[in-house]
Amino acid sequence: MTPILSPALSITGLRKRFDGTHVVDDVDLDVYPGELLALLGPSGCGKTTTLRLIAGFETPDGGRIVITGEPVAGQGRFIPPERRRVGMVFQEYALFPHLSVEANVGFGLGRGNDRTQRVPEMLRLVGLGDVADRLPGELSGGQQQRVAVARALAPAPDVLLLDEPFSNLDQALRVRLRGEIRDILRAANVTTILVTHDQDEALGIADRVAVMLDGRIRQVDTPETIYRAPSDRRVAAFVGDMQLIPGDAAGDRVDTCLGSLLLRSPAHGTVEVLVRPEMLRIDASAVPHGQRLTVKERRFAGPVCTVVLAMADGTALRATCSSAVDMAVGDAVSVSVLGPVVCYGPD
Amino acid sequence: MIPATPSTATDGRPAAAGEPDWLAGRWRVQSPFTVGLWALAALTITLVLIPPAYLLMRALQAGDGLWPLVFRERTVVVIGNTILLAVSVGIGGIVLAVPLAWLTTRTDLPLRRVWQVLAPLPLVIPSYAGALAVIGMLGPRGLLQGWLEPLGVDRLPDLYGFPFAAITLILFTYPYIYLPARAALLGLDASQEEAALSLGRGRLRALFGVTLPQLRPAVGAGTLLAVLYAMSDFGVVTLMRYDVLTRVIYTQYRSAFDRTLASALAVILIGLALVILFGEFRMRRRAAFYRVGTGAARQPRPVPLGRWRWPAFAFCILVAVAALGVPILTLVWWMISGTSALSNLENLPGAIGGSLTLALLAAVATTLAALPISILGVRRGGRVADLFDRLSYVGWAVPGIALALAFVFIGARYLPGLYQTMPLLIVAMAIRHLAQSVGASRAALLQVSPRLEDAARTLGRHPLGALRAVTLPLAWPGIATGALLVAITVLKELPMTLLLAPTGFGTIATEIWTATGAGQYGRAATAAVVLIMLTVIPTLLLNGRTGSRTRH
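Just so you know, the protein sequences line up as chains A and B, in that order.
Heads up: the first sequence at position 296 corresponds to 296 in the numbering used here, and the numbers run straight through without jumps.
Heads up: the second sequence at position 399 corresponds to 399 in the numbering used here, and the numbers run straight through without jumps.
There may be inaccurate statements among the hints.
Stated by the list, open to error - Quick list of simulated restraints, FRET-style, between CB atoms:
1. G271(B) <-> N168(A): 49 to 55 Å
2. R282(B) <-> N168(A): 35 to 41 Å
3. E70(A) <-> V275(B): 22 to 28 Å
The set of hints was computed from the structure by calculation and includes no laboratory data.
All residues carry an ideal CB built from backbone N, CA and C; glycine is no exception.
Working from the sequences, and respecting the hints, build out all of it.
Laid out in structure tokens, this is it:
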């Protein structure tokens, strides 16, 4: 994303306390027009509260929220939810059970032309033109979700908020719908914040990911950067399998038991280097420059398997490899590290 | 959820625009809509608290002169009578209701479905109409005497006083215990009894050791309701001429110039009722713990009654005959044969119109008064909202006669323009029945997820619009059920109508009262039959509704 555009949503210094604890603690966040940003964090990290602050269901204790240049909360202003032009898709969809699909989608529209054209347009967008007369209770979970998206999109909101939209669906449906919703949002070209606790979901769907831990945003970046270059140990542990090995950094290289590795950004002194299991490539045929490891355990998991390796000094390392590679416990192997690495200084 | 009390921000940042940060944060959320709700709820609660507060003040004004009045022998006897009657009704009700509930849910009792319909039905007979029937049947010149006349019996002994007041009240209030006991039995999972059996207990020991103890909270709460009803009852004790607090308060009000004693007795009555209501609250809270699962408990195979099958059947017939058959047949007989019947019906059409008007207006007023309280309780929560919810029950703890007395005093002294007008009568009715309506609308609102309102807000509706477009349509069936419940209760209400109705305005209940007082049993019986017919339809509607809910 190009930060030259002015943000569609801008949050600065946002704070919210419940019973004395800061649920949202000094949050800064900019979301750019048309962007899909995932707000990722474990349950209780404050991400849903942040969403409700943006929607106007909660009032901040400090900081401000600006939507398309208009301040909606903070500094003595509070615009109620109905005047914020913020759409929301709720975790349980919150479809009105007494209204038809058509009436649900048209709920946020005025009467007249606007409504008669916009509702079918929205239903076509989400591929539900044929169920317009049904009640929400007669739809499948996936259909309900698409109705909820159509309903939120119908009034053409400036910002769309999705609160754990896939958590009520079973695994197979979840993955399929993720792609569908992503395409719908892209077609609607709407600025979106998606709240989720699911790393795969956030990394797989978003343009950018904001990782939130204990009420604070720890890192905002592209999914790839979040995963491959997490800003600190906690982000690294939250978005993937964290494995740290000791190293000695000098400029743009670091010396480790796996050899001298290229650093993403320069560092100096004693550090710990993040080596995710899939960054290790196992070479069973050759044993070059001295480092010998032994296969201690092989955990088979369908397409891939996780191999536990023991170094000469007994330290264990996990590596993922294709399950097509034949390997047995006790084999001697060597490993190489793929790509540049990140490291963390002492705490 | 938003904490109710504002707290100052301690972040140390200067707030812009010259406004404290916390002010923007906390008070802005109170939209005009919410402020309006709070104002309405506060007004209603104030109205609820005024009558008992006024009676208390009035009684205390007598100062030192009060205590000799209250503690003279006659007053103590009256209080004793009140407690004796209430306790007897509670015990008698349990004796009828618990076996009935068990027999109709758990056993191979013949015609089980029929008894399930009949057992709660005595609720539709207003207890004073029941009393009228008992007198008409067994009274000195009742039906029985007529049958015995050929045998030379020209007068039966007087049946008035405690035993008949108690028997009448038991027969027409036991459903208050039967219904929760049955619901609790249906809620218990069969596996518990089966577990007891598998652990080597006999059927009887499983019943007494496992099943019945779990009914205790439900039966306890129901019993306290019946006791509260007996304590507040005015019609039965007056017809049966048994001196309890309600009757003596009325006599004092009618005869004495100094109304201090009436006020003091009313305060004592309210105090007793509050104790009962508090007990009921606690029982009910405990009952909630016992409810197992989602109500879809598996029903066990019926217990074979063996040689007890036919005695149990006879017991059910006896209860149905006494509580339904005899009263209805007696009233119908008096209606048809009473010499005074047909010549004295000119008041009845007006009375029916009056009853329906009053029931409708009171139901609407009560529901409107209850909604702000239940909406705040369900959606906002917090200490004040909870307090309002509790206080809405105060009106229910104030027996009708006491509430009416308070309004007579207040109306005569401060509101002469409103005294004995429909608006004041309806306000009194709304206060008395507020708890029913708050309870029903609260339960209905709890069924509607707050997310639906949130969704309506993000789609551009302001809070009132969201309420109207989403919450009320969804909660409507439950709210309407509450209104229907209030309407039924108001149809049967006697003392408040008697004391507060505008001159010339009558209901079926006051018609029965007047006719009985004039000794015109045929006229009274006709009105009673009409009243029962009017209440039986909505009651069956309600039973159908709650019945289908418990089955899910």
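Against the structure, the hints:
As the Cβ distance of G271(B) to N168(A) is approximately 52 Å, the hint placing it in 49 to 55 Å holds. Range check, R282(B) to N168(A): about 38 Å between beta-carbon atoms, so the 35 to 41 Å window is met. Checked against the hint of 22 to 28 Å, the C-beta distance between E70(A) and V275(B) comes to roughly 58 Å, which is inconsistent with it.
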